[in-house]
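Protein sequences, first through last, are from chains A and B.
If you use the numbering used here, the first sequence closes out at 212, no skipped numbers anywhere.
If you use the numbering used here, the second sequence closes out at 473, no skipped numbers anywhere.
One or more of the hints may lead you astray.
What the hints assert, rightly or not - Calculated Cβ distances over 10 Å to all of chain B for the following chain A residues: (1) ASP40; (2) SER63; (3) ASN104; (4) GLY132.
Stated by the list, open to error - One-sided excerpt, in silico: chain A residues whose CB lies under 10 Å from chain B: (5) ALA58; (6) ALA61; (7) ASP86; (8) LYS90; (9) SER118; (10) MET164; (11) GLY166; (12) LEU174; (13) ALA189; (14) LYS202.
Note that these hints are calculated values from the structure, not bench results.
Just so we're clear, the structure is a prediction, and the values are computed from it rather than from any experiment.
Glycine is no exception: its CB is placed at the ideal position from the N, C-alpha and C atoms.
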Amino acid sequence: MEKFTTHTGIGVPLRRSNVDTDQIIPAVYLKRVTRTGFEDALFAAWRGDENFILNQPAYKAGSVLVAGPDFGTGSSREHAVWALKDYGFKVVIASRFADIFRGNSGKQGLLAAIVEQSDIELLWKALEAEPGKELTVSLEDRTVSCGDITVQFEIDDYVRWRLMEGLDDIGLSLQHEEDITAFEKTRAAWRPKTLPEKTEPKQEIVAARPVK
Amino acid sequence: MGTTLAEKLWESHLVRKGTDGAPDLIYIDLHMCHEVTSAQAFEGLRIAGRTVRRPDLTIATEDHNTPTLDIDQPIADETSRIQIQTLRDNAKEFGVRIHSLGDADQGVVHVVGPQLGLTMPGMTVVCGDSHTSTHGAFGALAFGIGTSEVEHVLATQTLPLAPFKTMAINVDGDLPEGTTAKDIILAVITKIGTGGGQGYVLEYRGAAIRALSQEARMTVCNMSIEAGARAGLIAPDETTFEYVKGRPHAPEGADWDAAVADWKQLVTDEDATFDAEVNLNAADLEPFITWGTNPGQGAPLSASVPDPEDFADADQREAAANALKYMGLTPGTPFREVAIDTVFLGSCTNGRIEDLRAAADIIAGREKAPNTRFLVVPGSARVRLQAEAEGLDKVFLDFGAEWRNAGCSMCLGMNPDQLAPQERSASTSNRNFEGRQGKGGRTHLVSPLVAAATAVRGTLSSPADLEPAAALA
């Protein structure tokens with residue numbers, strides 16, 4: 001993962017609350033088996049509308065999304081984060097994020113910055129007054145600056161440290177493999193195992209047919 | 001001071017306490033995989049040269065985009081076919097148990113785990129699917145994870161996690177006739193909002209919860225995520241133990257006794273405190289539906305389409321106006337007059353055998369509304385077999401419903417089971433987001449009872465709106 005310290009890029013004011021994961025990336029795009037190439041899927045339904053903000057030339061190259069509260073609600077699909085990243089977003093700013101989305105962002109190096117809604121309103125006004133205006137997000141100082149406005153954001157200390165160091169979670173956990181092995185020895189024998197496989201007797205499943 | 005059930009589950013799975021702001025490392029007892037959120041995780045393992053640490057605690061099934069018709073034929077949609085084939089290849093390469101389309105144990109992952117007896121009290125259960133909260137109904141800490149976390153669990157059988165806050169949802173009183181677990185959870189979500197549970201594990205408590213069957217409890221926990229919570233759980237009791245007993249992976253003999261002794265400890269201590277509490281009286285509930293495009297936009301079926309102007313909060317007002325525009329609804333219209341094109345009975349929320357029985361009971365001997373399509377999709381192949389053994393398939397077919405093979409189906413429309421633009425559904429599933437069931441599709445979330453009654457009348461209805469069964473010829 002790349003180290004994240006500061007980022008400067010075009011701010012995109014998305015005046016919507018409850019931007020759910022089906023809006024960020026509709027389910028039809030989830031069938032791919034790769035980790036990249038989801039840029040066309042981002043906000044796919046809304047991008048059909050020529051007035052949608054990312055269809056406006058000034059915002060097209062945006063990399064800092066400033067959204068309404070409860071961003072990323074809904075499913076656990078990490079594709080939502082991949083789609084934002086593939087499009088070019090480095091930072092999403094909102095006053096509240098869905099837990100899973102925020103967790104997924106941290107793991108993929110997308111900064112989910114929590115900013116007070118009153119400050120979001122200030123950023124929206126500034127960005128709308130001057131479409132294409134750049135924001136600077138400093139992870140070190142936990143600030144978002146836009147012209148003469150500077151606001152603070154919240155982020156979990158540990159996620160911040162990992163983002164700044166660009167560290168991979170699995171490698172960090174595997175440093176504690178001895179602890180994992182020790183824990184496994186304490187597990188009760190009756191705890192279920194998927195293998196060897198046990199099932200009710202196998203039966204034939206009749207295929208349903210279309211109704212004429 | 002005592003501890004809550006959620007805290008006990010956390011403590012009993014603590015591999016390592018985090019220091020200096022690092023999260024705790026939590027052991028995972030069961031990891032379920034499906035085709036949509038696992039491919040990139042297995043790819044990550046392969047790239048890093050890692051293996052699956054505990055294939056014996058891992059299971060895969062195909063559900064999200066499997067077809068529900070012609071399942072003995074090659075899958076027509078190429079991307080679906082590739083995704084499912086990728087899961088099969090990964091399962092083979094990494095030694096993971098898989099139940100594929102056509103297998104008697106294939107089905108929606110959250111139906112399959114409990115029916116195999118792999119979901120038990122006191123466990124930690126994860127899956128790359130937000131509705132993993134379903135398994136919390138057994139007194140397990142169960143939550144959805146993203147693909148990076150899927151990879152993490154595959155590689156380490158653990159997850160680094162920051163502790164959750166705890167919220168008690170107290171539901172006392174008796175559920176009135178015609179109301180169900182679905183109405184409880186829809187009312188909870190409307191009450192606390194789609195963000196109300198953020199950061200919390202919800203524990204459902206109270207007489208109305210204790211009175212629910214194990215499958216009904218799964219319906220409640222299933223939609224914890226729609227209230228923004230990461231997980232929902234219910235302390236296990238005799239109802240739970242009875243449900244687990246005798247299932248393929250349930251402990252036997254002395255192991256069973258040891259397990260039950262352990263499970264009986266899984267309660268919130270009387271002197272424990274929750275970070276937040278919400279109270280609801282089940283006796284006040286009535287059949288509930290959603291009218292908007294997020295699951296918090298719900299109301300009793302007896303009400304009318306709300307007027308956005310009546311919302312005091314500006315944000316809610318705008319959200320309601322947007323929702324009504326998308327849903328094609330006019331303020332003031334009684335919900336009972338809203339015509340429904342398609343009724344969908346199924347999903348991890350309401351696709352279990354009790355749901356099918358409840359719906360079949362309502363429609364038996366009645367006729368389907370002529371312009372309403374009724375899609376019945378069992379949650380798993382076993383549920384379908386069980387329903388057929390009970391003759392429920394005949395009831396549905398005689399009524400004019402379509403009796404399909406198992407899968408997630410129209411809950412999220414990743415397979416061909418989708419709504420057309422502007423098509424309106426009454427759906428027993430869990431999300432009413434814009435385009436969720438098909439681009440431009442309009443979803444009303446309902447209980448299986450409301451779904452069945454709606455299929456009879458063709459407009460949103462509850463069983464109480466039907467002529468009494470005794471009057472049927």
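Among all the numbered hints in the text so far, which are the ones the structure does not match?
-> Hints 3, 5, 6, 7, 8, 9, 10, 11 not satisfied by this model.
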